[in-house]
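Trainee: For the sequence shown, the UniProt record's numbering gives the first residue as 1, with consecutive numbering after it.
Just so you know, the hints here were simulated from the structure itself, not pulled from any lab data.
There may be inaccurate statements among the hints.
Stated by the list, open to error - List time: in silico BS3-like cross-link candidates among lysine-lysine, alpha-carbon distance up to 30 Å:
#1 LYS18 x LYS61
#2 LYS72 x LYS61
#3 LYS72 x LYS18
#4 LYS72 x LYS125
#5 LYS125 x LYS61
#6 LYS125 x LYS18
Every value quoted in this text rests on a predicted model; they were computed, and no experiment measured them.
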Amino acid sequence: MIRFRPHHFLCALGFEGKGYSDRFTANMHEIVVTRLRAAGGDATEITVTAHTDAICAPCPKRRGRLCVDQGKIARLDRAHGTALDLAAGEVITWGQAQDRMARLVPDDLDRICAGCRWLEMGMCKAALARLRQSRTVMDTPSLDRDAAPEVRATEASSATVVSDQTSRREPG
Numbered sequence: 001m002i003r004f005r006p007h008h009f010l011c012a013l014g015f016e017g018k019g020y021s022d023r024f025t026a027n028m029h030e031i032v033v034t035r036l037r038a039a040g041g042d043a044t045e046i047t048v049t050a051h052t053d054a055i056c057a058p059c060p061k062r063r064g065r066l067c068v069d070q071g072k073i074a075r076l077d078r079a080h081g082t083a084l085d086l087a088a089g090e091v092i093t094w095g096q097a098q099d100r101m102a103r104l105v106p107d108d109l110d111r112i113c114a115g116c117r118w119l120e121m122g123m124c125k126a127a128l129a130r131l132r133q134s135r136t137v138m139d140t141p142s143l144d145r146d147a148a149p150e151v152r153a154t155e156a157s158s159a160t161v162v163s164d165q166t167s168r169r170e171p172g
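Let's have the full structure, built from the sequences with the hints guiding it.
Mentor: In structure tokens:
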């Protein structure tokens, strides 16, 4: 089992071998490439935490269970937690996390990741675009989480009706 703070789900998705230090990058590679992106990685369980996690362990900015940039990190964690519907203590598989991330569009990261130095490099948006292309989530209407419950219910039932109608097509 791995422990991730909320903003590290999208960081793991966008990881391309860069980091804050050699130790940090090697650790990130071990977690992301060797475990999450390996065969069977989608079944890897991740516990959401509100403190430093597996990725933070060798970070030069880590101070105990916090970060020297704790204000910025707390904002990122709140934004990511809301966007991905994550809560501290929740256990989720990497595959389930990818399904949640695939509901986002790359431009959502401008808001969710505001203040992150890695955002301007474009890796995360590119990775999210690739993820969305590889998931069927794109084919279903997204549900507006800010809409009233009855609107979400209507949207959800519309999505079901559309998929039911599609599957009932007769050959010919």
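Trainee: Now look at each hint and say whether the structure bears it out.
Mentor: To see whether the hints hold, each was checked on the structure:
no.	hint	verdict
1	LYS18 x LYS61	holds (16 Å)
2	LYS72 x LYS61	holds (12 Å)
3	LYS72 x LYS18	holds (20 Å)
4	LYS72 x LYS125	holds (20 Å)
5	LYS125 x LYS61	holds (24 Å)
6	LYS125 x LYS18	holds (15 Å)
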